[in-house]
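Novice: Listed below are the residues making up each chain.
2 protein chains.
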Amino acid sequence: MTDCKVTAGAKPAVILLSGGLDSSTVLAIAREQGFACHALSFNYGQRHQIELEKCREIALFFGCASHVVVDLDLGALAPSALTGQCEVPKRDDAYEIGDEIPDTYVPARNIIFLSFAAARAEGVGARDIFLGVNAVDYSGYPDCRPEFIEAFGQALNLGTKSGVREGKFTIHAPLIKLTKAEIISEGTRLGVDYSRTLSCYDPDSEGRACGRCESCLLRKRGFKEAGIPDPTLYK
Amino acid sequence: MTDCKVTAGAKPAVILLSGGLDSSTVLAIAREQGFACHALSFNYGQRHQIELEKCREIALFFGCASHVVVDLDLGALAPSALTGQCEVPKRDDAYEIGDEIPDTYVPARNIIFLSFAAARAEGVGARDIFLGVNAVDYSGYPDCRPEFIEAFGQALNLGTKSGVREGKFTIHAPLIKLTKAEIISEGTRLGVDYSRTLSCYDPDSEGRACGRCESCLLRKRGFKEAGIPDPTLYK
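Taken in sequence, the protein lines are chains V and F.
Note that the numbering used here numbers the first sequence so that position 14 is 14, with each residue one more than the last.
Note that the numbering used here numbers the second sequence so that position 194 is 194, with each residue one more than the last.
Hints are computed from structural coordinates only; laboratory data are not their basis.
There's no promise every hint is true.
[Unchecked claim] Here are the simulated distance ranges between beta carbons:
1) N43/F / E150/V: 41 to 51 Å
2) A10/F / G140/V: 28 to 38 Å
3) D73/F / E147/V: 24 to 34 Å
4) T170/V / I228/F: 41 to 51 Å
5) V136/F / F61/V: 48 to 58 Å
6) L233/F / R165/V: 28 to 38 Å
7) K177/V / K168/F: 22 to 32 Å
8) A10/V / G63/F: 47 to 57 Å
9) K168/F / T170/V: 51 to 61 Å
10) D71/V / K168/F: 27 to 37 Å
11) E147/V / F61/F: 37 to 47 Å
Predicted model, so just to flag it, every value in this text is computed and none were measured.
All residues carry an ideal CB built from backbone N, CA and C; glycine is no exception.
Bound conformation, chain V alone (with noise of 0.2 Å):
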């Protein structure tokens, strides 16, 4: 756990964080909106190590009041190609990313990570969990539409004794429909450093991103379409 700044009297959150351009910019978000934000990172045999290394560098960055990093072995449950059981598939640039579910999908990562932050906000006395998932360029992912958020934060105000005894949990998910030059320009004009972030689902040991996975396609367009110069490092 890194201890940061606590801002005093703030309102506790819990802010899923996984380094990369949307997280990050949900963590600008929560923290402009005046939270105390309490960041949760997984540590769950990605290929990426080096994005922990980012989360941590954010975390402290937007001066989180904490930040907690879970070591989970999904990798043991079902595979995927973001734990290294399959390819992360290359693209060209005229890719079109359509409404299959991916490769990079990984079985119930989604459901997992907001049960963990629905502990993490009964042990920090939060009813606001925020979290970076995206509608627009991720319509493959069922974990990131919109009912599948809306069903799961009634799950946890039933089966959670702060959601029974304390008041209802928000679950808020302020980029699900923006596109990614929307968010990029949000993240912006709330001081995100991009070149800090890492959205590449096969980047180097440096954190240099690969260019070519979907990921860095929908990253690369953002910044085009948002007329903001892309800081990305590429291999």
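Knowing the structure of chain V, use the given hints to seat chain F on it.
Specialist: Using the frame of chain V, we list chain F on its own:
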């Protein structure tokens, strides 16, 4: 992972197995219903590590198709008597279990366990998840109530690849409306050897029960009411 006997051609199911009386009975029920049972247990920093040994014995005894033990550090997220941050309360025999939420409540525990069960179900191609929650004796735990189980199932069906593409998950909670005596009678009929199971919140290192925690009291009364000799080894 322990690989045990696979029931050829049987429909797979994931069974949450804690090594206690309830989940062992649920495993026996799932097996009787003809499922190939994939047991899933957690090492979550619980005081009673011996329960994982019990899980392994029970999974083998019932010929599970697989048994995965997932390491989880729940204690880092929020305090609970079951993960060693507070004392396990001791009761006398006349203690009446009320509807308050006990100190032994572990924040979001069943939510986290069910999330992993969903990931495991996606991994083994199962549509069925069994767990041993009970709303009669544990009315104080919000995550043991039928309305929570139903809401969580709804979130799974909306938020997983297989829930969306391959048909709905069914979360089976066959004990939810049974008394402890009824559970013991049913398990005895199905061949559960309760001397192998451990319900105590505070056992010694040999796996002998304290006889004084809430869980021990419920178990003792259950055997008495069922008219079945209690095989539990007490300290």
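Novice: Per the hint of 28 to 38 Å, is the separation of the Cβ atoms of L233/F and R165/V within bounds?
Specialist: Distance hint for L233/F, R165/V holds at roughly 37 Å.
Novice: Indicate whether the distance between the beta carbons of V136/F and F61/V respects the range 48 to 58 Å.
Specialist: Since V136/F and F61/V have Cβ atoms about 50 Å apart, the given range 48 to 58 Å holds.
Novice: Using the beta carbons of D73/F and E147/V, state whether their distance is inside 24 to 34 Å or not.
Specialist: Roughly 31 Å apart at Cβ, these two residues keep to the hinted range, so it holds.
Novice: Taking the beta carbons of D71/V and K168/F, is their distance inside 27 to 37 Å?
Specialist: Holds, since D71/V and K168/F (Cβ atoms, about 31 Å apart) stay within the stated range.
Novice: Is the gap between the beta carbons of T170/V and I228/F within 41 to 51 Å?
Specialist: 48 Å, holds
Novice: Cβ-Cβ distance between N43/F and E150/V: within 41 to 51 Å?
Specialist: 32 Å, violated
Novice: The hint says 51 to 61 Å between K168/F and T170/V; measuring C-beta to C-beta, is that right?
Specialist: Between K168/F and T170/V, where Cβ atoms are some 27 Å apart, the hint is violated.
Novice: Do A10/V and G63/F keep their Cβ atoms within the hinted range of 47 to 57 Å?
Specialist: 54 Å, holds
Novice: With 28 to 38 Å as the target window, see if A10/F and G140/V comply at their CB atoms.
Specialist: The hinted range 28 to 38 Å holds for A10/F and G140/V, with Cβ atoms some 32 Å apart.
Novice: Do E147/V and F61/F keep their Cβ atoms within the hinted range of 37 to 47 Å?
Specialist: 41 Å, holds
Novice: May I ask you to test the hint 22 to 32 Å on the CB atoms belonging to K177/V and K168/F?
Specialist: 27 Å, holds
Taken one by one, the earlier hints fail for this structure at numbers 1, 9, listed in ascending order.
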